[in-house]
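Novice: Here's the letter readout for the chains.
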Amino acid sequence: MTDIPTLHGAAKVDKESPFIRFLRATEIDARLLGMIAALILIWVGFHFYGHFVNGFGAFLTPRNLWNLSVQTSSIGVMATGMVLVIVTRHIDLSVGSILGFSAMSMAILQVWILPEFLGLGHPMIWIITVVFGLLIGAAIGAFHGYLIAYLSIPAFIVTLGGLLVWRGAAFLLARGETISPVDATFKHLGGGPFGAIGSTGSWIVGLLGCTAAVALIFSGRAQRRRFQFPLRPVWAEAFLASVSCGGIIAFVLLVNSYPWPKGIVKQYVAANNIETPVSEIFISHGFAIPVLIMIAVGIAMTFLATRTRFGRYVFAIGGNPEAAELAGINTRWVTVKIFALMGMLCGLSAVIASARLNSATNNLGTLDELYVIAAAVIGGTSFAGGIGTIYGAILGALVMQSLQTGMVLIGFDAAIQQIVVGTVLVVAVWIDSVYRRRAK
Amino acid sequence: MSSETSGTPLVEIKDLSIAFGGIKAVDQASVDLFPGEVVAILGHNGAGKSTLIKVLSGAYKRDGGQIFVNGEEADINNPRDAKQYGIETIYQTLAVADNVDAAANLYLGREILTSFGTLDDAAMEAEARKVMGRLNPNFQRFKEPVSKLSGGQRQSVAIARAILFNARILIMDEPTAALGPQETEQVSELIQQLKKEGIGIFLISHDIHDVFDLADRVAVMKNGQMVGYARTEDVSKDEVLGMIIMGKCPAGAVAGPGAMQEA
Ligand SMILES: Nc1ncnc2c1ncn2[C@@H]1O[C@H](COP(=O)(O)OP(=O)(O)O)[C@@H](O)[C@H]1O
Ligand SMILES: [Mg+2]
Chain A
1 MTDIPTLHGA AKVDKESPFI RFLRATEIDA RLLGMIAALI LIWVGFHFYG HFVNGFGAFL
61 TPRNLWNLSV QTSSIGVMAT GMVLVIVTRH IDLSVGSILG FSAMSMAILQ VWILPEFLGL
121 GHPMIWIITV VFGLLIGAAI GAFHGYLIAY LSIPAFIVTL GGLLVWRGAA FLLARGETIS
181 PVDATFKHLG GGPFGAIGST GSWIVGLLGC TAAVALIFSG RAQRRRFQFP LRPVWAEAFL
241 ASVSCGGIIA FVLLVNSYPW PKGIVKQYVA ANNIETPVSE IFISHGFAIP VLIMIAVGIA
301 MTFLATRTRF GRYVFAIGGN PEAAELAGIN TRWVTVKIFA LMGMLCGLSA VIASARLNSA
361 TNNLGTLDEL YVIAAAVIGG TSFAGGIGTI YGAILGALVM QSLQTGMVLI GFDAAIQQIV
421 VGTVLVVAVW IDSVYRRRAK
Chain B
1 MSSETSGTPL VEIKDLSIAF GGIKAVDQAS VDLFPGEVVA ILGHNGAGKS TLIKVLSGAY
61 KRDGGQIFVN GEEADINNPR DAKQYGIETI YQTLAVADNV DAAANLYLGR EILTSFGTLD
121 DAAMEAEARK VMGRLNPNFQ RFKEPVSKLS GGQRQSVAIA RAILFNARIL IMDEPTAALG
181 PQETEQVSEL IQQLKKEGIG IFLISHDIHD VFDLADRVAV MKNGQMVGYA RTEDVSKDEV
241 LGMIIMGKCP AGAVAGPGAM QEA
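Same order as they appear, the protein sequences are chains A and B.
In case it helps, the working numbering puts the first sequence at residues 1 to 440.
In case it helps, the working numbering puts the second sequence at residues 1 to 263.
Be aware that a few hints might be false.
Said to hold, decoys possible - Pair ranges (Cβ atoms, derived):
{"id": "1", "chain 1": "B", "residue 1": "K148", "chain 2": "A", "residue 2": "L208", "range": "35 to 43 Å"}
{"id": "2", "chain 1": "B", "residue 1": "T114", "chain 2": "A", "residue 2": "F229", "range": "50 to 58 Å"}
{"id": "3", "chain 1": "B", "residue 1": "A122", "chain 2": "A", "residue 2": "T178", "range": "51 to 59 Å"}
It should be emphasised that the hints constitute simulated quantities derived from the structure, not laboratory data.
Using N, Cα and C, we set each Cβ at its ideal position, and we do this for glycine too.
Construct the entire structure; sequences and hints are all you get.
Specialist: Laid out in structure tokens, this is it:
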């Protein structure tokens, strides 16, 4: 049995195309390339659809792409947690409702309760609120994890129940009221002109990113040499370095080319006694804070998944739950931690989502579970367990949010949006299973 | 090949029972093991051998009976507890996580960490190379997922994991089932070597030819019960076969509760 695939593989090597050779040398996952291709297709498709049908292509504009990055953050943050959940062969259908409940709790705390004690606009309010939101999310997630791991109730059922329970509880908290506006500093965590780091800050972040990318490539090479692992050809390393740095710089240029709206500039000019006429002032948004939060979460979660004991257990459990248990891993406790982490990330997304809206509504996060699961799956997380990457999930979130934003821009109504999202989810899982069968 | 079978046994299993939905997979089975000794547990497929040792290794919880380690009653409720007592197991089903690499599998559950608390892959790999060198000197594929390895290589990973942590009691459930003749020979040599180091080994097999020459004693199971025990010097292979097939205890053996009753 084992000989046949080897022979087959050997035959393939002989007649492989330059493209396959390129993928092999750079070790770029064909799947990653597929995702980027899909993304470009979606972006260009929506832009030209708008251009020709509505007479205005609104997708490929700094304004839209900047907003897209902000809108992706909330889903992207949760998708990184969903990777760990799905890797261990579970599912979490309750993420949107946990988000809603956490957002509502935080709004009550920062609008109704804390100002009474600290005074309106006290600088501690946003900090206390964020910590509280993360804890609420983590507590709910840990409770779900407990039911799943220790009472052996399937995750599908626990979180399906959670989907209803926490949505209902969010309604009860404020009897369905919308709570607004949130704390003035808290609001910046959702983006907007004052919730972005500006041009200089963005260049600093971008240059740090480039440095880190190059450093990673170098240290990866040193590591391989130490393990006597085959090295990538130098041209491939150079290619990867320039593509990563090019991408980062392009992103910086993009966010810096989106100016503050005139009205905000006027206020700013008035407040700071600036002489220059408003029409001549160009103040860049730069990276939005929620985008930076998502990037930080992505880095932290990648570290957690690949460099820590916890991450190793997550993947080992996903690969073979029985083997993991027999190896002495406390698989139940790991499961509780995974769901608690998922819940905490929902709390963080609740911060981003409610800050962006400047309010908490009862239906915040509705249907997010679909986007989050789709993001993880599009990003290469397999329902068979044991396989998935954090960066893939974030890219997947970008794909899903691009679809959503694009449909809104060209004026598809909610019904069609739902049909498309649902279909994409099913097709993504189908493609994944076909892809994995081929890969075997 | 004499070994010490007096004094305190390393492990003593007493009247151990476990049932799965009415089926008595193991029924009042007792067996013991001394340091530096190889005890073969023999019996047909389905006799209850794997289930018996899975209780000892913490994978299953027993319904009744006692386990003593070094003369003291041991409380084994999960695989972690068993490892605390120095009991390491190579499972028949080769419990490896296919999607992670060999070094990660060797250290699964007992990772080496750096001073920052992160995984120390370099240290784990260096140790893995040492222990794999003992077992399978040609093995080089430390960084590939275990699913890419051959059956024999996976088996060496499972064995290496068991001997990596200075086990005092080693359980090998059909360890050579997936191996070719050369690899089987390596495992035999390893067993001799571990024996010299004073490790006690339970060697489980359904095939007497695999183990008769390695074992100091045999314990034969049938239908979940112990048919009998014998020193390999005191019985012939054919007599042990009689125990396995018919439950008939020869003169050189001590009969257990599962022995065929002489009418
Ligand atoms: N997890 C389980 N659930 C139900 N029955 C089991 C389980 N494990 C083993 N058995 C049953 O217990 C008996 C003994 O099996 P086993 O210990 O695997 O035998 P052996 O290893 O001697 O071949 C068999 O009848 C088997 O079907
Ligand atoms: Mg067995």
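Novice: Hint by hint, say whether it matches the structure.
Specialist: Results for each hint:
At roughly 37 Å, the beta-carbon separation of K148/B and L208/A lies within the given 35 to 43 Å, and the hint holds. Checked against the hint of 50 to 58 Å, the pair T114/B and F229/A fails, with Cβ atoms roughly 20 Å apart. At about 54 Å, the beta-carbon gap between A122/B and T178/A stays in the expected band of 51 to 59 Å.
Checked against the numbered hints given earlier, this structure breaks only hint 2.
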